[in-house]
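Q: With the hints as constraints, model all of the structure from the sequences given.
Same order as they appear, the protein sequences are chains V and Z. Residue numbering for the first sequence follows this note's numbering, starting at 1 and increasing by one per position. Residue numbering for the second sequence follows this note's numbering, starting at 177 and increasing by one per position.
No false leads were slipped in.
Here are the simulated DSBU-like pairs of lysine-lysine, each with C-alpha atoms no more than 35 Å apart in a straight line:
{"hint": "1", "chain 1": "Z", "residue 1": "Lys-441", "chain 2": "V", "residue 2": "Lys-88"}
{"hint": "2", "chain 1": "V", "residue 1": "Lys-53", "chain 2": "Z", "residue 2": "Lys-321"}
{"hint": "3", "chain 1": "Z", "residue 1": "Lys-299", "chain 2": "V", "residue 2": "Lys-39"}
{"hint": "4", "chain 1": "Z", "residue 1": "Lys-359", "chain 2": "Z", "residue 2": "Lys-496"}
{"hint": "5", "chain 1": "Z", "residue 1": "Lys-441", "chain 2": "Z", "residue 2": "Lys-321"}
{"hint": "6", "chain 1": "V", "residue 1": "Lys-95", "chain 2": "Z", "residue 2": "Lys-346"}
{"hint": "7", "chain 1": "V", "residue 1": "Lys-39", "chain 2": "Z", "residue 2": "Lys-285"}
{"hint": "8", "chain 1": "Z", "residue 1": "Lys-345", "chain 2": "V", "residue 2": "Lys-53"}
{"hint": "9", "chain 1": "Z", "residue 1": "Lys-345", "chain 2": "Z", "residue 2": "Lys-285"}
{"hint": "10", "chain 1": "Z", "residue 1": "Lys-441", "chain 2": "Z", "residue 2": "Lys-279"}
{"hint": "11", "chain 1": "Z", "residue 1": "Lys-441", "chain 2": "V", "residue 2": "Lys-95"}
{"hint": "12", "chain 1": "Z", "residue 1": "Lys-496", "chain 2": "V", "residue 2": "Lys-93"}
{"hint": "13", "chain 1": "Z", "residue 1": "Lys-279", "chain 2": "V", "residue 2": "Lys-39"}
{"hint": "14", "chain 1": "Z", "residue 1": "Lys-496", "chain 2": "V", "residue 2": "Lys-88"}
{"hint": "15", "chain 1": "Z", "residue 1": "Lys-441", "chain 2": "V", "residue 2": "Lys-93"}
{"hint": "16", "chain 1": "V", "residue 1": "Lys-93", "chain 2": "Z", "residue 2": "Lys-299"}
{"hint": "17", "chain 1": "V", "residue 1": "Lys-53", "chain 2": "Z", "residue 2": "Lys-279"}
{"hint": "18", "chain 1": "Z", "residue 1": "Lys-261", "chain 2": "V", "residue 2": "Lys-53"}
{"hint": "19", "chain 1": "Z", "residue 1": "Lys-244", "chain 2": "V", "residue 2": "Lys-93"}
{"hint": "20", "chain 1": "Z", "residue 1": "Lys-358", "chain 2": "Z", "residue 2": "Lys-261"}
Cβ-to-Cβ under 7 Å is the rule here; a few derived chain Z residues that face chain V:
{"hint": "21", "residue": "Ala-191"}
{"hint": "22", "residue": "Phe-194"}
{"hint": "23", "residue": "Ala-198"}
{"hint": "24", "residue": "Lys-227"}
{"hint": "25", "residue": "Ile-231"}
{"hint": "26", "residue": "Thr-234"}
{"hint": "27", "residue": "Pro-235"}
{"hint": "28", "residue": "Pro-268"}
{"hint": "29", "residue": "His-297"}
{"hint": "30", "residue": "Val-335"}
{"hint": "31", "residue": "Ile-453"}
{"hint": "32", "residue": "Ser-456"}
{"hint": "33", "residue": "Lys-457"}
{"hint": "34", "residue": "Cys-468"}
{"hint": "35", "residue": "Ala-513"}
{"hint": "36", "residue": "Phe-515"}
Worth flagging that the hints you see were computed from the coordinates, not collected in a lab. All C-beta atoms in this analysis are idealised placements derived from N, C-alpha and C, irrespective of residue type, glycine included.
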Amino acid sequence: MRSSKKAQMKIQQMAFMLVAVMIFFAMVAIVYFTITSSKLRDTADDLREEEAKELARQMAGTPELMFSKQASPYSSSVDFDKAFALSKMNVYKNKYWNLDYLMIEKVYPSSINEDCTSGNYPDCRYLILIDNTRGNYTGTQTAPVAIVWWDPKLESIGNYRFQLGRIHALAHDPTK
Amino acid sequence: MMKVFSKRGYEFSFAWIFAIFAGAVIIFFAIYFAMQLVGQLQLTRDVTQGKSLGILLTPIETEIEEGKFATIYLTDPTRMYFECKPPVSSNPFGSQNLWLSIKPPLGSKWEPSDSPPLTFHNKYFFPSAEPTENENVFMSEGDEKFYVLSKPLYLPFKVADMMILYSDKKQYCFTNAPLDFKKKLQQINMTNVFFSNCNSNEQTIICFEGASGPCNITVIDRQNKVTKNGEPEPVFYLESSSSDPYAMLYAAIFSDSETYGCQVKRLMAHTSKLLDIYYSKSERIELISGGCSQNLQSAIISFNDIVSRAAETGDLSSVKTYLNSNPNFLSGGNICALF
Chain V
1 MRSSKKAQMK IQQMAFMLVA VMIFFAMVAI VYFTITSSKL RDTADDLREE EAKELARQMA
61 GTPELMFSKQ ASPYSSSVDF DKAFALSKMN VYKNKYWNLD YLMIEKVYPS SINEDCTSGN
121 YPDCRYLILI DNTRGNYTGT QTAPVAIVWW DPKLESIGNY RFQLGRIHAL AHDPTK
Chain Z
177 MMKVFSKRGY EFSFAWIFAI FAGAVIIFFA IYFAMQLVGQ LQLTRDVTQG KSLGILLTPI
237 ETEIEEGKFA TIYLTDPTRM YFECKPPVSS NPFGSQNLWL SIKPPLGSKW EPSDSPPLTF
297 HNKYFFPSAE PTENENVFMS EGDEKFYVLS KPLYLPFKVA DMMILYSDKK QYCFTNAPLD
357 FKKKLQQINM TNVFFSNCNS NEQTIICFEG ASGPCNITVI DRQNKVTKNG EPEPVFYLES
417 SSSDPYAMLY AAIFSDSETY GCQVKRLMAH TSKLLDIYYS KSERIELISG GCSQNLQSAI
477 ISFNDIVSRA AETGDLSSVK TYLNSNPNFL SGGNICALF
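A: Structural data, given as structure tokens:
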């Protein structure tokens, strides 16, 4: 009888010890996964910002926005007229560049502080090409760029006018 | 007398049975979770490295340069998997899928990654890669480096950057290449590309017309045709309207015929969308300047019809004929140049 009681006590001790060990490992695992997932989220955010930065820098060279190489062989500029035409095309709005937001801003000489529409183009400042942000522009990257558009007031029949501009880009958020 | 109970026998108590059972369960779960964790970490590494590679490829694209050559350094042996999807109505630009699979540690089996692919609609990869068990998926394996040659295609405006990828395990040797072609490649100082002392055991040999000796790939530049050993049909290329006319030829040489054919369809679909943009621009300039770019609008419509058909069939002959017979279109307009 006495040895049976002793054995039961041992089993109980072992069971408690095992439960304690399991709880300890579970807690360690939870802490590990919390740290790992937060690191992963940081990595994802960094990559997203990096992607937007590179795309903003490179945008002047993309065929959709690039000003004619024949007309301007020594510099890369954004063709505002092509960008305006592109802003009307739905095929570019969804994941073509993997961007949630893409906007071209005329910086200097300054223009009227308005979004570009068919009614006020080209006398406007902000040309929004993509906007899938629902108002959250956190992480938007910018890059300076030369922009060019056909100005009918230049010379007799018009000519291309160059201005200083800025590209704003926000990479697509894969969690959305 | 027979002994009923041996005094030397070991008492296998319930405590022992319980300890062995509980220990086995704990060890089983520990091993199971450790394996899951290693798998997850491997997957995370594949995805983040793949994403980094995608970002890294953006600055390799050209702006006004004639081409760029870059080396991608790897920390571990890596396999890249490529899949090209041709354009369809729901995916008008087609797409390029890319996976990375980094060699797992401790000698475990190197399998394709389960990670979701990185999908690009604006990039055109022409990898030097081998077919895999999966249809349309090609794989390129590198030990320490991958090389990327980026060349813009102009028809006559810029259509896209063609990215030719090959690993440090591949070597190419060109025999009897035209002087201009040789000069273009030598200018950018490409690695693992040679023009003399070809060795058919280690190198892929590309022969231009008039070359003698063993050839893996034959180029007939008069016909814009590239024939590869072991592939039933030749592929055709267009001459780019930029200062390097061979952009598409490099792509045809380095990539397999299936990927090349799919990318050609994607490039033509992209050209069609760009023509829509140029048409809108042309209309606007015409409206505000009194017909300045009028002469190009009908040419844009005709060319758009031709490239739209080429995007479906992959046949470039009519595109080539149109570009060769319309010098006015190639110039992009005289006074108010469209492109």
